[in-house]
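In order, the protein sequence lines correspond to chains A and P. Here the first sequence stands for residues 16 to 633, numbered as in my numbering. Here the second sequence stands for residues 16 to 633, numbered as in my numbering.
A hint or two may mislead.
Copies of the same chain look alike in the list, so a pair counts if it works inside one copy or between any two.
Straight-line C-alpha distance at most 35 Å; calculated DSBU-like pairs for lysine-lysine [said to hold, decoys possible]: (1) Lys490 / Lys65; (2) Lys497 / Lys116; (3) Lys402 / Lys55; (4) Lys112 / Lys61; (5) Lys112 / Lys497; (6) Lys163 / Lys402; (7) Lys555 / Lys65; (8) Lys214 / Lys163; (9) Lys160 / Lys500; (10) Lys65 / Lys55; (11) Lys163 / Lys500; (12) Lys532 / Lys116; (13) Lys163 / Lys435.
Honestly, the hints are just simulated from the structure, not real lab data. Since the model is a prediction, treat every value here as computed from it, not as a measurement.
Protein chains: 2
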Amino acid sequence: VLSATLVGNAFANEELTALSADAKNWAMPTGDYANHRYSKLNQITKDNVKDLQVKWTFSTGVLRGHEGGPLVIGDVMYVHTPFPNNVYALDLNNDGKILWKYEPRQDPNVIGIMCCDTVNRGVAYGDGKIILNQADTTVVALDAKTGKVVWSVKNGEHIDGSKAESSTGAPMVVKDKVLIGISGAEYGVRGWMAAYNLKDGKLAWKAYSTGPDTEMLVDPEKTTHLGKPIGPDSGIKTWEGEEWKTGGGTTWGWYSYDPKLNLIYYGTANPGSWNPVQRPGDNRWSMTLMARDVDTGMAKWFYQMTPHDEWDYDGVNENILVDAMQINGQPRDVLVHFDRNGFAYTLDRATGELLVAKKYDPTVNWATEVVMDPASDQYGRPQVVAKYSTEQNGEDVNSTGVCPAALGTKDQQPAAYSPKTGLFYVPTNHVCMDYEPYKVSYTAGQAYVGATVSMYPTPESHGGMGNFIAWDAAKGEIVWSKPEKFSVWSGALVTDGDVVFYGTLEGYIVAVNMEGKELYRFKTPSGIIGNINTYEHGGKQYIAVLSGVGGWAGIGLAGGLLSPENAAAWHGAVDQGRQQGDEAQVVGTAGLGAVGGYAGLAEYTTLGGQLTVFGLPD
Amino acid sequence: VLSATLVGNAFANEELTALSADAKNWAMPTGDYANHRYSKLNQITKDNVKDLQVKWTFSTGVLRGHEGGPLVIGDVMYVHTPFPNNVYALDLNNDGKILWKYEPRQDPNVIGIMCCDTVNRGVAYGDGKIILNQADTTVVALDAKTGKVVWSVKNGEHIDGSKAESSTGAPMVVKDKVLIGISGAEYGVRGWMAAYNLKDGKLAWKAYSTGPDTEMLVDPEKTTHLGKPIGPDSGIKTWEGEEWKTGGGTTWGWYSYDPKLNLIYYGTANPGSWNPVQRPGDNRWSMTLMARDVDTGMAKWFYQMTPHDEWDYDGVNENILVDAMQINGQPRDVLVHFDRNGFAYTLDRATGELLVAKKYDPTVNWATEVVMDPASDQYGRPQVVAKYSTEQNGEDVNSTGVCPAALGTKDQQPAAYSPKTGLFYVPTNHVCMDYEPYKVSYTAGQAYVGATVSMYPTPESHGGMGNFIAWDAAKGEIVWSKPEKFSVWSGALVTDGDVVFYGTLEGYIVAVNMEGKELYRFKTPSGIIGNINTYEHGGKQYIAVLSGVGGWAGIGLAGGLLSPENAAAWHGAVDQGRQQGDEAQVVGTAGLGAVGGYAGLAEYTTLGGQLTVFGLPD
Ligand SMILES: O=C(O)c1cc(C(=O)O)c2c(n1)C(=O)C(=O)c1cc(C(=O)O)[nH]c1-2
Ligand SMILES: O=C(O)c1cc(C(=O)O)c2c(n1)C(=O)C(=O)c1cc(C(=O)O)[nH]c1-2
């Protein structure tokens, strides 16, 4: 008899499943298919973590925002960089000697159409290949041993000058396929998820986030939303006119996979244009969690967190899969999702049933609650507070004091889950905004934004722009919260040694115990927006992290937008001629509003691109 | 009665002398006026250096070759970068928080006329100001407290398109002046040394290396060469026609100062054009050590190490001043100079008398010896071996197997001197070359090279491209020699803890004991070409070093010249149309011959720009 797990393995990519089950490796960008970012390694413990030392370091040779983290498979570490997306294979047996490097050639024009820095969230491994998702949407499979190109395919069709499609997401290898998303919702890109054959790079399926049912790979009768069929042409009817064609709903975040259900999970980004007045309707299926059959791409269920977005609360954050979570006395196989909109959702991942939806920052104010009564016509919908409704306030009106800011209570920085504590460890933002939508017109290849945003630390709070929290997803409660000066833009790691790690925008790697007490802090060369991981080599546990300030929060530094000239040029490219006030406002509202909010970061760190590997004293 | 030392202090810049006498600081790029790079700090010793840990790190935000090192004055560290020559003031009391940063705007065209990477060897301190010598030859004085510009002056006249003057050297503050050199001997720049008033940046004096006596600030009767007056117009008569006008002799290396004698010391670079056939004569005063009165610039004595250079053996390396060295039973106040040409010279620094001239790598083969008999007409001259004479072999003939290569047995990487052992600790190259001179014509602003060079590890030796050696300058003997895989392109540091530190091109910081036994090795993010220094803060000794591979040895990586296209473009700009053979030759001979020789470096490191600070465990 095959156990459930073995059946799962048999269906999944067995090699990869086995590699990632061995805690010595860090074989997937997400650690495992469930996105736990939990490691069974326990040499480094809450008691000895204070003794951590830097063991070795590696400069990536590239500056700007370094998201994601290295893979470790056996004796080799694979390190990726932001644009131009170089990949290095480093020999762990030989002080990180470079076994091979891959330096793609890409049209640098793609830099200009990347909304939130030239980031890349990592390479994936499968079947002896390293899969790289380049900024210019080229997907390349490299021979893991030699770095030679095995196949190469173009996922997006066009960059600058036509459709402004770009890519930043980490691929996920599942079974015989590679899952790849797309970026560009700030440019009116109509998002999709694609699956390519791992073997030869041939397109297996492609599922759009908006548009006709056939192109969305939905069955209007069988694909459900909150338990009900979505009905025909939902991706067209919930938009005015042809707005769905520039409908956003890109897929630049993290993906998960449940081998038992054979479903993949991911979220879609904001609807095209940040001016809600311009696109009446629920704008389906932007801002939506999607569960799809990995073989066919057919959608099982959707859940739209923020219908008709008015704040840029992309729904792309990771979905963490937990089995048998006790909810109201029942064990449920769930998916936990910390949305940009400030609500943390727990759903039944087989059916998409909404189990919990609670604020994971009490200062979230744009909505009062998510309605949990299935009988209500508001079921599953956030209850918007009129004062903070940028749509109700209308075009050319500045809605002030909206919490969270556009970059959400959490953005791409992934949380970690410990099966030992049953808790989630969540890097968060603690930032509010003013948001003024205005009319824009769509031109292919150009920015399609239509809002002026400024950001600032949550008023009347601790003054900082972030918290690192522990969350109980069954109850929907914050267990503890540790304030940070800036948003925690790095991904967390939790280990069997009862330590939680995260990085800060100033560049500190921080270790805390299960009660949130700080145990260790070390300043790496540049701000950390990478995801911390761990591996074992030669019998010793290591902690690895990429430094390199950037991402949306760090775009002022990474994109040079703290300079008034560059900020003005940025507005020139984005604002369609709208006046932006004095120099301070021009700088403050550049980078989609992040530059002013995070300007203080320039006192703590500067651009970098380094790997730092920590270990215990010998 | 004033002691000699106090008289010295009174004449020198008292504040700076006091600051650099306090071992807690590292107040000058050279450590002290004598260029000892020796520290009295002794918490870190030969016994505990093995326990060193990385204490903090800082990314400079800039890639390519990071030469020089940070200054430490009290609670503030000043970090500089290669082009664009940013300067950071970091708060040592606050985890390296950025107190201020200065980001100059420079014409990026200067990058194209920097022969040997976009390096900068450091900022100087004096009178509350930080002096920055920018690539574009702008010299800026910044308020050390605020980073605000106090004064700014242009040292060179022109960059790209006219005279191709650039700058890389570290300024030296002496008394009320700032000494500043110039780069560009590969572009026919006529070199000079300039002194600017520390107070307001006004030019105090300017002394050319070639040309009329008045412009050279020499007295034909009083300025001596090997004890004899140099005679009138030596800087013109030793050249054919007007070649002295494009005569090189730039001053991009290190400077020293003797407060008692009130003399500054520095060397001049190669004569313009690497094709010796084109410039008959001794080409004075290229390749020359110069002793000048700091107040007036008037030359006291010269010593030309390599008359009529045929190999690009620039004479710019540091001059290390040692008092009362016992030579043949006599105490002599000497200057010790490890020349590119492979000879280490000990001279009386008051008179320029030649005391010792010996090979500091036994494989040096281009000359048999330097004649030491004052009665000989060859006195002080190296005896050239015909086989390795690129002049005698003639234009369009490839002289093979010349040792050392053009980058010398030592290049800019400064040695250290321990008064405790009386020995010099010297980072060296162990590289030979093939050199084929060819006819070139001078065009202002364009490369004026005229030789194709390839480099390789010294044949029939240990296979590596470098050694780290201990040298007895009284006897002219190697005491010990430690082989290294690549040239040791970083500056050394020796301490009262009986430890010598250096960095390697692979990125290791290495500590050895006084017998050359390795005690500690740690791999920093990128290749080290910076100079290691030490300071004390909060009662603890630290070791600081900049990583960032580049310089001439690392130009393949730093300038991207390992790519055939870029290598071909490099030749296009430098070779005046000469054919360079197949792709391998085009790459190998790019970067003035360094690219092929150091190609293997790409397996060990990649571009970076990081400060790493080490200390003992708490
Ligand atoms: O809508 C999109 O297509 C898109 C793409 C990206 C991206 O690819 O990085 C981001 C966003 N949106 C976005 O809304 C956002 O907050 C964001 C943050 C970051 C980052 O890496 O820090 N990227 C992105
Ligand atoms: O003749 C010159 O003007 C000049 C300038 C420089 C420089 O400014 O860096 C170098 C050289 N020459 C040179 O010959 C040389 O070997 C060299 C090495 C380096 C370096 O920083 O690694 N610079 C220079």
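Hint-by-hint comparison with the structure:
| no. | hint | in the structure |
| --- | --- | --- |
| 1 | Lys490 / Lys65 | within (32 Å within a copy, 51 Å between copies) |
| 2 | Lys497 / Lys116 | between (39 Å within a copy, 31 Å between copies) |
| 3 | Lys402 / Lys55 | neither (47 Å within a copy, 67 Å between copies) |
| 4 | Lys112 / Lys61 | both (31 Å within a copy, 28 Å between copies) |
| 5 | Lys112 / Lys497 | between (38 Å within a copy, 22 Å between copies) |
| 6 | Lys163 / Lys402 | neither (56 Å within a copy, 45 Å between copies) |
| 7 | Lys555 / Lys65 | both (16 Å within a copy, 20 Å between copies) |
| 8 | Lys214 / Lys163 | within (15 Å within a copy, 59 Å between copies) |
| 9 | Lys160 / Lys500 | between (42 Å within a copy, 25 Å between copies) |
| 10 | Lys65 / Lys55 | both (19 Å within a copy, 31 Å between copies) |
| 11 | Lys163 / Lys500 | between (43 Å within a copy, 28 Å between copies) |
| 12 | Lys532 / Lys116 | between (40 Å within a copy, 34 Å between copies) |
| 13 | Lys163 / Lys435 | neither (41 Å within a copy, 54 Å between copies) |
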